[in-house]
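Protein chains in written order, with our numbering: chain C, 805 to 1134; chain B, 2 to 313.
Keep in mind that the hints were calculated from the coordinates and are not lab data. Here the structure is a predicted model, which means the values were calculated and not measured. It cannot be assumed that every hint is accurate.
What follows is a set of in silico ranges between Cβ atoms, one per label pair, in the way DEER data are often shown [what the hints assert, rightly or not]:
1) C/Ala809 - B/Leu241: 56 to 62 Å
2) C/Glu954 - B/Leu241: 36 to 42 Å
3) B/Asp300 - C/Val1067: 47 to 53 Å
4) B/Asp124 - C/Trp934: 32 to 38 Å
5) B/Leu91 - C/Lys932: 25 to 31 Å
6) B/Val310 - C/Trp934: 22 to 28 Å
7) C/Thr992 - B/Pro237: 26 to 32 Å
8) C/Arg1014 - B/Val102: 36 to 42 Å
9) B/Asp124 - C/Arg1014: 40 to 46 Å
10) B/Leu241 - C/Ala1089: 36 to 42 Å
11) C/Ala809 - B/Gln123: 43 to 49 Å
12) B/Leu6 - C/Gly939: 41 to 47 Å
Heads up, incomplete: computed chain B residues facing chain C, CB under 10 Å, no partners named [as the list claims (entries may be wrong)]:
13) Lys58
14) Met60
15) Arg122
16) Asp124
17) Lys178
18) Asp210
19) Ala217
20) Lys218
21) Leu220
22) Asn221
23) Arg228
24) Asn233
25) Ile236
26) Ser302
27) Asp307
28) Pro308
Stretches of chain C that chain B covers, calculated by requiring three or more beta carbons in the stretch to come under 8 Å of a beta carbon on chain B [what the hints assert, rightly or not]:
29) 885 to 898
30) 904 to 915
31) 925 to 934
Beta carbons: idealized from backbone N, C-alpha and C, even for Gly.
Chain by chain, the residues:
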Amino acid sequence: MTTAARPLLSVRNLVTRFGRGRGAVTAVDDVSFDVGVGETVAIVGESGSGKSVTALSILRLIPSPPGRIESGEILFEGRDLTKLSEREIMEIRGNRIAMIFQEPMSSLNPVLTVGLQVAEPINVHRRKPWDAALGTAKQLLGRVRMSDAESRLRAYPHQFSGGMRQRAMIAMALACEPRLIIADEPTTALDVTVQAQILDLLKDLAQGSRCSLILITHDLGVVARYADRVVVMYGGRVVEQAPARELYANPRHPYTRGLMASVPRLDGDTSKRLVPIDGQPPNLARLPAGCAFAPRCRQATDLCHRERPALAEIGPQHQTACWLETPAHV
Amino acid sequence: MRRLLALIPTLLFASLIVFATVRMIPGDVIDMMLSQNDLAADKLSREQLVQALGLDKPMAEQYLIWIAGILKGDFGQSLWQSTPVLELVLQRLPVTFELGVIALAVGLVIALPIGVYSAVRQDTVGDFLARSFSILLLAVPSFWMGTMVMVFPSIWWGWSPEVNYVKFGDDPIQNLKQMIVPAMVLGASLSAVTMRMTRTMMLEVLRQDYIRTARAKGLNQRLVIMRHALRNALIPVITLVGLQAPLLIGGAIVIEQIFVIPGMGLLLLEAVNQRDYPIITGVFLTVGLAVMLINLMVDLSYGLLDPRVRTR
Ligand SMILES: Nc1ncnc2c1ncn2[C@@H]1O[C@H](COP(=O)(O)OP(=O)(O)O)[C@@H](O)[C@H]1O
Ligand code: SF4
Ligand SMILES: [Mg+2]
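Given only the sequences and the hints, what does the whole structure look like? Please build it.
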């Protein structure tokens, strides 16, 4: 989706670090991407590549200490979220930007009713009294297609299955009609059969209200179906970024190609065997001097080990950080 | 109800131990009685006395008679005054109960807010001071603190705690005035462990995913702590408070002696000094029952705090 207008969210050169001194880890290193109004952007990468830290940085939820946003801008509706006071960012959390987490089992409070937890953002941000907020919560549970919403309101999380809890989380996220929902691997912990249901629901509801979506996943199969644009992360950095179609048709970074070979393609060719990427995800505390992917890359050269390739435009809206794609390689 | 019935075997076992141990206290009630003039005047011989008190029968038989009596609601009589043990215990129980309840309340009022504060401000000066305070409380035994409270104010300001006990029913204000200092001494010593536990559990809960969810919803710190964290943190703290029940009762017994409060503790002390077996066993049995009931209440209170227990 091309939007000439200002994007809803614009992350610019974000750096988020944990710890200090020699043991410091740069979990997010110079990450930039935009999310347009109504757009779904997928952030993809293996575990430990800095996806969650990116998401948490946007809402300023990085546990501090040890973490902190070191530099960069997070522009949302014309304001830099990194510069807001604690009070101002609280007004945005759960109201303008909502978040859905990976672990449905532990992300809901075990001692509070589902109804209270879904109604809470309405009570807090809209200053609605509890009975009105609970009324809205009931409608929300209906919207996430829970049957018998009335009695679900009074239930506790442990009485729900994982899928149901994630529906409740979605209802909670939708409560204040946010402009952006960040879903951090919302289905990783769920049964395969439930995964598609939840993602379809999320996508439907977001589209229905022209709400933008950041969908974090390590599954490129998910991306093809739901995302408009894809940001591929490796070792805390963006290594490739492109519209979903383009990325699928023309993956350029060896890591992206590796990821693609390791998931079943939706467009057929089941004859090809799935090839997992060799080696381990990088240790952020000891990243190589050059390209972070070099130790695992079959095409790595001396230059790759020595110097880090910068993210460069290689086509319309298509960027990648690989020496193979950069003239300096020649 | 089933839970209450389940206490019976435990109680029987406890009674056996209590009965046996009490007879092992060195010294003999008969010797003591005979050495006292007024009894000597009765010219009862040692044998007659032993027989009158039922102490001539074998231990096993004595135990069975005692238990049979208890089952009928008869806890026996004081060997010295022939007052029913039950009457003595019931007279003293409310006093100790009041002391314990106030001490518990004081302890929680000190421990919970400081423990929560300490966790929320982890590693700040405030947290450091709070932790030092709890270590201090832990290190100072309550009998020592009680003695200091008795001694120093009287040296410095000529003030000393009231020792002529007034019943709550007679003059509640005066009674509370008397109870508050001992209860605070007792409560303070109990609060140390509770405070540390509250801090630890609170830190643990604050790391949980649902706390992050609460923050992501835009809740302020106060709501995150009070609505989302506290109840979860209190579930294990309640267990600890339940486990402290014997400590609380033990402490009450010591404190009663320092402040001369006529509760179970004082009754027990007098009874031990006089080797008045039925009273000693009666007091121990009551204390045992109380501890078990407290633990039962703690178990039941989980249901109030934790819905996962409630629906099971
Ligand atoms: N709370 C934390 N404390 C210290 N380091 C952290 C913390 N959270 C994340 N990190 C670091 O950031 C890296 C990236 O984590 P994350 O963003 O969670 O990866 P993922 O892409 O799997 O979501 C981790 O490997 C870890 O080194
Ligand atoms: S820069 Fe070199 S090592 Fe890195 S992905 Fe490209 S070819 Fe591989
Ligand atoms: Mg993650």
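Here is what the structure says about each hint:
1. C/Ala809 - B/Leu241: 56 to 62 Å: About 58 Å separates the Cβ atoms of C/Ala809 and B/Leu241, which means 56 to 62 Å holds.
2. C/Glu954 - B/Leu241: 36 to 42 Å: holds, 38 Å
3. B/Asp300 - C/Val1067: 47 to 53 Å: The hint (47 to 53 Å, Cβ to Cβ) holds, given that B/Asp300 and C/Val1067 are roughly 50 Å apart.
4. B/Asp124 - C/Trp934: 32 to 38 Å: For B/Asp124 and C/Trp934 the Cβ distance comes to about 36 Å; the hint holds.
5. B/Leu91 - C/Lys932: 25 to 31 Å: violated, 54 Å
6. B/Val310 - C/Trp934: 22 to 28 Å: holds, 25 Å
7. C/Thr992 - B/Pro237: 26 to 32 Å: Hint holds: Cβ distance 30 Å, inside 26 to 32 Å.
8. C/Arg1014 - B/Val102: 36 to 42 Å: At roughly 59 Å between Cβ atoms, B/Val102 and C/Arg1014 fall outside 36 to 42 Å, so the hint is violated.
9. B/Asp124 - C/Arg1014: 40 to 46 Å: holds, 45 Å
10. B/Leu241 - C/Ala1089: 36 to 42 Å: Holds - the Cβ-Cβ distance for B/Leu241 and C/Ala1089, about 39 Å, lies within 36 to 42 Å.
11. C/Ala809 - B/Gln123: 43 to 49 Å: Because 45 Å falls inside the window, the suggested range holds.
12. B/Leu6 - C/Gly939: 41 to 47 Å: Cβ of B/Leu6 to Cβ of C/Gly939: about 46 Å, so the range 41 to 47 Å holds.
13. Lys58: Status violated, d = 56 Å.
14. Met60: violated, 52 Å
15. Arg122: violated, 13 Å
16. Asp124: holds, 9 Å
17. Lys178: violated, 39 Å
18. Asp210: holds, 4 Å
19. Ala217: Holds, about 4 Å.
20. Lys218: Holds: closest Cβ of chain C sits about 4 Å from B/Lys218, inside 10 Å.
21. Leu220: The hint holds - B/Leu220 has a Cβ within 10 Å of chain C, the shortest such distance being about 6 Å.
22. Asn221: At 6 Å from the nearest chain C Cβ, B/Asn221 passes the 10 Å test, so the hint holds.
23. Arg228: holds, 7 Å
24. Asn233: With a minimum Cβ separation of about 6 Å from chain C (threshold 10 Å), the hint on B/Asn233 holds.
25. Ile236: holds, 8 Å
26. Ser302: violated, 13 Å
27. Asp307: Hint on B/Asp307: holds, closest Cβ of chain C at ~6 Å, below 10 Å.
28. Pro308: holds, 4 Å
29. 885 to 898: holds (count 5)
30. 904 to 915: Holds, because 8 residues of the region 904 to 915 of chain C bring their Cβ atoms closer than 8 Å to Cβ atoms of chain B.
31. 925 to 934: holds (count 3)
The earlier numbered hints that this structure contradicts are 5, 8, 13, 14, 15, 17, 26.
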